[in-house]
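Grab the two chains, each in its own frame, and use the hints to assemble them into the complex.
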Amino acid sequence: MAKCSVCQAPAVAYVRVQRRYLCRQHYLEYVEAKVERAIRRYGMVGRGQRVLAAVSGGKDSSTLLATLSRLSGRLGFELIGFYIHLGIYDYSEKSRRAAEELAAKLGVPLLALDLREVLGMGIPELAKTSRRPYCSVCGSVKRYVINAAAVELGADAVALGHNADDIAVYNMKSFLSQDLEAISKLGAKTDTVEGVAVGRIRPLYLVYEKESFLYSLLSGLPFLHEECPFVDRRQLEVELKEAVNRLEDKSPGIKMQMVTRLAKRIGDYPRPRGEVSRCPSCGLISSGGECSFCRITRRALGRPMGMEVRRRIRALAAEMGLLRASQSHS
Amino acid sequence: MEGRARVRLVPEGRELDVEVGGGVTARRLLEELGMNEEMAVVLRDGAPLLPEDRVRPGDRVEVVRVLSGG
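Line by line, the protein sequences give chains X and W. Going by the working numbering, the first sequence opens with residue 1, and the numbers climb by one from there. Going by the working numbering, the second sequence opens with residue 1001, and the numbers climb by one from there.
These are computed hints drawn from the structure, not numbers from a lab. None of these values were measured; they are calculated from a predicted model. Be a bit skeptical, because a hint or two may be false.
Said to hold, decoys possible - Reference excerpt, derived from the structure (chain W facing chain X, CB under 7 Å, subset only):
#1 1011
#2 1036
#3 1038
#4 1039
#5 1048
#6 1050
#7 1051
#8 1066
#9 1067
The beta carbon of each residue, even a glycine, is placed where N, CA and C say it ideally should be.
Just chain W, same shape as in the assembly (with noise of 0.2 Å):
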């Protein structure tokens, strides 16, 4: 799938495909769901990615909100 990537949201258990032309940071990502590095893990093969980390085409990743409710 050429210029997304797969995005899993945790604990939603959502899918989607997010459009990361060539390439976007894993801060980048966070924002484009409307999120930051506070509120929420990217995380790829089950390990966390940097703020700068790049997050590409074709791959899979799990958006963990970190932030408990209530």
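Only chain X is shown next, with the shape it has when bound in the complex (with noise of 0.2 Å):
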């Protein structure tokens, strides 16, 4: 039986871009140092600093939230949980039992909305009567309702689940349009527009996909193992990612330096042209006019429905005694 090559223990895992097995142990111990490397080579969070993650109930905001926990303490920054349930069906029901799970079981703060008690509606009706695609409707909006989160919440970051193969699946998409500016966003951290729009990172930027699920797993972590109906396999980024892993497969360590490397020369990609502006609706970020959301809330349902999922969120966040001092009378 292979040993693990710190401590001699039976091995669960073996690193194939190092040739080593690992202990349960030590292949936690393993990711936790590879989350630790990012946030401190990216520079992503300081200390005293407010840290939103976004979870969804998934393997990735398992290992986000919970490495994140275990980090917060060393780094000095305060972890709080944000999950949206976007009303599709039984699948949100499970995801938000997960997520519910997870935080107890860390004793990480939750926040958690539930878009149909602000707009009477979840992302299946939205995208019908937006007359706009399921999955884009569903971006849309969650991009939207965790920057919203943020503002409200004073944080200095939100933090996202998104992976070492999700990373270098977008990159690869947005090559294959030539979409230079969309790369320019793929870095491990995005800046923070004062008043508009909180900064995002991504702790997880050089962690595999399979690192992330095992270390959910060998954790004894609740996580949902169940895709969203709406998820078409046939789409690009599935067929990118399989793609992606049978050239990891010949060349062990390819995707890493494709991440590395984006990281590197993301300063070389062109921004999106045109000026940042704030929504005339809601007052959050916005690429000229109404932002996307106030546009498809206001096409589904007459009117511009920004302000109040604010207002929802900064009620549920007073409920919880998480509103900022310098926040909670203005």
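Have a look at this one:
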């Protein structure tokens, strides 16, 4: 039986890039060290800062919240989890339970927003009434609501669960269509635009998708291993993910090379043109005129709902005692 | 069931019997299923198998695809 290369205990995983076996304890430490390295190398978060981690109930969220929770004491930052119930039938119910169990197990406060309580509908109805594709509406809604929560909570950064495989695939997809501006957003962190958008960090930037799965599994953390019913396995991202992992199988380390070099050269890619402005309806970031969330909700419900979302999050945060002192009277 | 192992594919939930002869490695099983060890993990009794661990006739294993879609 293979033994851990550190302590000689029975091995549970083989790390191909390093050609070594690890036991459960040392595998968990190996993944946590990767997250810490990414946070330090890319200057993701500073001492005394507040980080809002977006969690969906899946394996990457579990790994994200657990590793950040373990590192928050040593690195001196405050961690809050944020979950959005998207109203996608049974799938959202299961993911909500997984997110709540995870946060409870880790002792991390979790703010949960149910989209249906604010909009009176979830993603499926919103997509139908606004006559836009499900995944596109879902992406816009999540981006908006997560940013709104970060602004209302006075967070210094939003942590997302994108792993190295996700970054490699977004990079390849954008490269294929020569959308270089999209590649400029794939770094390990994005900047805060004061008052309208909170910068995003990607602590799992150096963690492979398989490592993220094994971390959650070996930690005994709750997570939902089920796909959203709207995911189409024929879509380009899925094909690219398999393709990049066939390359990785032949040349171990190629994915890591891609993401670390991307992070190094991120400044060479052109930023999206146009001014960053403030949505006239909700006051948050927009690329000109009303933001996409306010436009979608205006189309579906007859009025923009950004301000309603912001109010609801603020009320939930106040109930949980999570508003920062400087914000509670503004 | 001589020569075959019962494989449950996750997250699809589909089950199939795979010919494993006198036993195949987890790595070989994944290859038989058109996958590799970057894409999926083989679990027996909920615990991950190492690439060289053998899946034997009569075993029940789960092959978990770790790559999420979209």
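Going through the hints against the structure:
Checking residue 1011(W) against chain X: minimum C-beta separation of about 5 Å stays under 7 Å; hint holds. With its C-beta approaching chain X no nearer than about 4 Å, residue 1036(W) sits inside the 7 Å limit, and its interface hint holds. Checking residue 1038(W) against chain X by beta carbon gives a least distance of about 4 Å; that is within 7 Å, so the hint holds. Proximity of residue 1039(W) to chain X holds as hinted, the smallest CB-CB distance being about 5 Å (cut-off 7 Å).
At a threshold of 7 Å, the smallest CB-CB gap from residue 1048(W) to chain X is about 6 Å, leaving the interface hint in force. Using the Cβ-Cβ criterion of 7 Å, the hint placing residue 1050(W) at the interface with chain X is satisfied: the shortest such distance is roughly 5 Å. Among the interface hints, the one on residue 1051(W) holds; its C-beta lies about 6 Å from the nearest C-beta in chain X, closer than the 7 Å criterion. Proximity of residue 1066(W) to chain X holds as hinted, the smallest CB-CB distance being about 4 Å (cut-off 7 Å).
This hint holds: residue 1067(W) has a C-beta 5 Å from the nearest C-beta of chain X, less than the 7 Å allowed.
Going through the hint list in order, the structure satisfies each hint without exception.
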